[in-house]
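Student: What follows is the residue order along each chain.
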Amino acid sequence: MASDLVNITINGTPLQVPAGEMIIESARRIGVEIPHFCYHPRLSKEAGANCRMCLVEVASPRKNPDGSVTLAKMPKPQTSCSLPAGEGMVIETETPAIIEARRGILEFLLINHPLDCPICDRGGECPLQNNTLHYGPPTTRYVEEKRHLPKAFPLSEHVVLDRERCIHCARCTRFAEDIAGDAQLGFLKRGADMEVSVRTGEQFTSLFSGNTIELCPVGALLSRSYRFRGRPWDLMTQKSICTECSNGCNIKLDHRAGRFVRVNARLNEDVNEEWTCDRGKFGMDYLSGPDRLTTPLVRRGNRFEAVGWDEAIRRVAEELGQAGRKSAFLGGIRSSNEDLFVMQRLFREVLGSSDLDHRVGPSFDAEPVIGVGQGQVARAPMSLVELEGLSLFISFGCDMAWEQPMAYLRVRKGWRRGALTIASVARHGTAEDERPSSLAPISAVRVRHDEGGELQVALRLLGEVLRQGGDGTAVPAELAAKAESAVTEQGADAEAVRRLALTLFEAGKGASDGRSVAVWIGEAARTNRQLPDILQTLSAALSAAGVHGVVQVPAMEVNEQGARDLGIAPTWLPGYEQADPAGRNSAEILAAVAQGDIAALWISGLDLATRYSDPAAAVRALESCPFLVVTDLSLTKTAQMADVVLPVTSVAERNGTYTNVEGRVQRFWKAYDPPAGVRQEWRIAAQIAARLGTEIHYASSREVLADIAARVPLYAGCGPDALGDGGVRWASALAGEVGR
Amino acid sequence: MAANGHSGGGDRPMDTVSGRFSPEAVAELEEIVSHYPDRRGAMLPALWIAQREYGGSLPAEAIKEVAERLGCPPVEVEGVASFYTMYNLGRRGRRHLEVCTCLTCAVLGAADTLRALEEKLGIKVGQTTPDGEFSLAEVECLNWCEAGTVVQVGGRYFGNVTPDKVDALVEQIRQIQDTEAVTQADQIVKVQLARRHDGTADG
Ligand code: SF4
Ligand code: SF4
Ligand code: FES
Ligand code: FES
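Quick note, the sequences are listed as chains A and B, same order. Following the numbering used here, the numbering of the first sequence begins with 1 at its first residue and continues without gaps. Following the numbering used here, the numbering of the second sequence begins with 1 at its first residue and continues without gaps.
Incorrect hints may appear among the rest.
Claimed, not checked - Once the Cα atoms are required to be at most 20 Å apart in a straight line, the calculated SDA-like pairs of lysine to any residue come out as:
#1 Lys-189(A) - Lys-64(B)
#2 Lys-189(A) - Met-43(B)
#3 Lys-64(B) - Glu-434(A)
#4 Lys-64(B) - Ala-492(A)
Said to hold, decoys possible - Incomplete in silico selection of chain B near chain A, CB under 10 Å:
#5 Ile-63
#6 Ser-82
#7 Phe-83
#8 Tyr-84
#9 Leu-89
#10 Ala-106
#11 Ala-168
Since the hints were made in silico from the structure, they are not lab data. From the three backbone atoms N, C-alpha and C, an ideal C-beta is built for every residue, glycine too.
Kindly produce the complete structure, drawing on both the sequences and the hints.
Tutor: This is the structure:
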């Protein structure tokens with residue numbers, strides 16, 4: 001709208017900007033960079049404008065008594081990060097007075113700064129160092145003794161604080177309160193004694209603490225794992241994807257001499273903005289871990305023997321070839337899309353087996369994504385951006401900040417804006433109630449139930465919705481009856497569920513088009529055997545309340561969504577085409593192994609012996625398995641039971657794609673060479689196929705992806721040329737949306 | 001549409017608050033809170049009340065209780081409490097000696113006086129004697145500069161203190177009744193409330 005624009009002039013260049021935009025942001029539009037420390041576009045301005053680095057000179061038009069207008073210069077320089085643009089403003093950023101003022105500010109900031117850049121991790125990528133070089137005085141006049149404080153005060157297991165270096169910009173404290181929502185950091189004391197701190201005697205246990213290291217404009221907040229491990233100019237950086245959960249944060253993977261060093265966030269407005277969580281930021285050390293496997297292993301009696309790839313491949317091909325239809329595949333949730341596509345071709349096309357499954361139980365008939373309402377792309381998970389704009393988010397047995405960190409930040413952002421209501425349904429004693437970063441304290445409705453009570457809560461909710469006038473015409477009579485009897489039962493959570501029903505109706509009002517409600521089912525609820533009924537009941541409740549939305553079991557592992565989409569499942573093929581004949585799910589596969597009905601089992605990137613819903617059953621089955629081949633990075637408990645272990649490349653050692661929780665296909669790039677003796681999983685699968693007489697020929701992972709895009713309509717918009725750096729959501733591509 | 005500000009309950013206290021506020025103190029706090037646009041605005045009087053309810057200092061539980069009653073992050077409460085010198089975060093002696101070392105007193109030898117007091121009491125600034133009788137603090141101008149060096153104990157001022165008078169001063173302070181030494185917080189809250197009620201100062 002034109003009326004919202006104002007005309008301003010910066011350094012002689014006229015431009016139009018939205019009224020009220022901060023001048024520091026307006027200047028960026030024409031490439032004028034104003035040095036700053038405390039200003040950050042994603043943080044509140046509330047406690048800002050405290051570093052005084054961003055000074056500019058301003059003149060504004062003033063009406064004289066005779067009606068003429070003259071430019072009146074403000075007597076003092078202004079902080080451009082807190083100066084809203086107004087009509088006719090004339091701003092100068094490089095006058096002698098400003099240059100002098102900046103020098104003064106820097107000299108002042110450096111009075112108590114130790115200037116120990118040579119031993120500071122931040123040296124080389126430090127805003128204070130850079131600004132001092134560009135704008136600061138060459139020397140200091142300060143000869144008195146500087147303030148001395150502890151150098152590496154441990155705030156938590158991940159972060160140390162060097163209080164001498166802190167310039168009190170409040171970026172870290174604002175991040176903790178505004179974005180992460182745990183508000184564990186604050187300023188104690190005052191004047192020269194002022195210090196950033198957690199509460200006395202407490203720890204910085206936030207799940208997002210690592211972001212403050214990147215936000216800190218000096219070397220005050222530092223990573224304990226990266227401390228003294230390298231200088232920024234000695235590091236190489238590659239664009240990559242975090243592998244620690246399904247959110248698929250875009251990261252910069254820093255490496256040196258073929259070894260992983262650290263993770264920093266890479267900007268992707270649609271996924272992680274510029275954040276990571278601590279699981280990812282501090283969890284990728286495994287890439288260069290001491291336990292990486294570097295050669296194929298073959299079992300001889302009670303021990304493993306290192307063998308060459310030829311022998312390993314020959315052995316696996318022989319066993320699989322003999323087993324034929326009696327071979328099965330489990331896992332794949334940490335493999336790339338390319339690995340998975342070729343793998344399912346090996347099993348389906350070459351071995352003739354449909355026994356593939358990426359799920360570890362116990363509920364196999366659950367439809368992971370149920371859209372409620374019109375015009376939805378079938379099976380499309382909700383996008384992260386969409387979460388921000390919802391009216392109601394229901395966290396159902398989901399420890400959001402831990403399981404779905406970026407989704408948690410989005411929901412919190414929507415809540416902060418004021419339009420999003422949060423409801424939290426969980427077992428008594430859920431970990432979420434104890435976390436510093438949690439949706440529980442900001443939930444308008446909190447339902448707490450007993451172990452295994454999820455279905456009961458869902459039925460009660462449906463019952464309440466029907467009682468309060470919900471449209472029950474589409475609800476099966478049997479379900480409606482169950483819901484009705486659930487409502488009549490007394491229970492401690494009855495009142496909370498009633499309020500949840502009211503909130504649901506509320507969310508449906510006024511939001512006629514578009515989805516306004518999302519229910520995310522977390523790990524605690526997905527281990528409930530009644531999951532299919534829970535999902536059906538919840539979606540019935542949504543539709544009876546007349547809201548458009550989604551009930552979904554979001555993926556949790558890095559490529560769990562890819563394994564779903566690409567048919568690592570007994571009943572569907574890539575793109576959710578129906579499998580004919582259908583195979584067996586992981587529970588049935590393990591039972592068949594135990595009965596001798598499966599002769600060869602392949603497990604990929606999944607420690608089934610610990611992760612299966614019934615670990616003891618998994619171990620018994622694996623023990624009796626005639627031939628077990630495991631592909632993984634290290635010798636997990638499951639791998640230790642294998643007959644052949646094949647070491648595979650990590651995310652840092654190859655190109656490929658993962659599909660994140662919102663169905664976004666995202667590329668990662670090779671950072672350094674794999675250890676000799678390690679291969680890509682899809683190449684292993686193709687080599688085995690070749691040994692068995694079938695060519696599955698691809699020259700590169702790019703070619704595999706191109707073939708996926710050509711053969712799987714779901715991924716038609718996600719070919720190698722379409723993805724770019726930020727990836728493409730298949731649902732958006734199918735719906736014809738551009739860009740997202 | 002109202003934006004949600006804070007991390008915790010925002011503009012409401014937590015459902016259940018555990019702590020040491022008496023019912024009268026809770027009522028007193030709620031009365032004060034009613035004068036502010038949001039609960040966290042009442043931070044300073046809330047801390048005074050807490051200091052009184054917790055016997056003259058603000059241990060970690062007191063900080064937590066104030067945070068819960070005002071619905072804001074505990075670290076923010078500790079930040080405010082540690083910003084001002086008249087809230088006592090650490091353990092404080094029954095007789096709390098506040099020695100001015102600001103400009104005039106400094107010129108009049110406050111540093112020497114302070115050192116003499118440290119020696120006499122056997123503690124450093126910021127510490128409390130093992131018997132809990134005395135604690136020592138350094139403060140800014142006490143507004144009686146013509147009598148520097150100035151020492152304040154609770155509601156009482158002692159002027160013209162020099163190193164040679166320190167022995168006598170400590171004995172004199174020992175005679176002060178306990179209650180007199182710690183009731184300062186209570187008085188300040190009362191004054192504030194009284195002003196509010198007669199409308200002389202609000203907010
Ligand atoms: S620790 Fe860093 S981010 Fe936090 S206030 Fe100090 S300089 Fe700013
Ligand atoms: S949210 Fe998930 S993808 Fe992002 S950094 Fe954390 S673990 Fe990694
Ligand atoms: S950037 Fe403007 S005052 Fe700090
Ligand atoms: S300087 Fe000590 S009372 Fe003023």
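Student: Taking each numbered hint in turn, which are not upheld by the structure, reported in ascending numerical order?
Tutor: Failing hints, ascending: 4, 10, 11.
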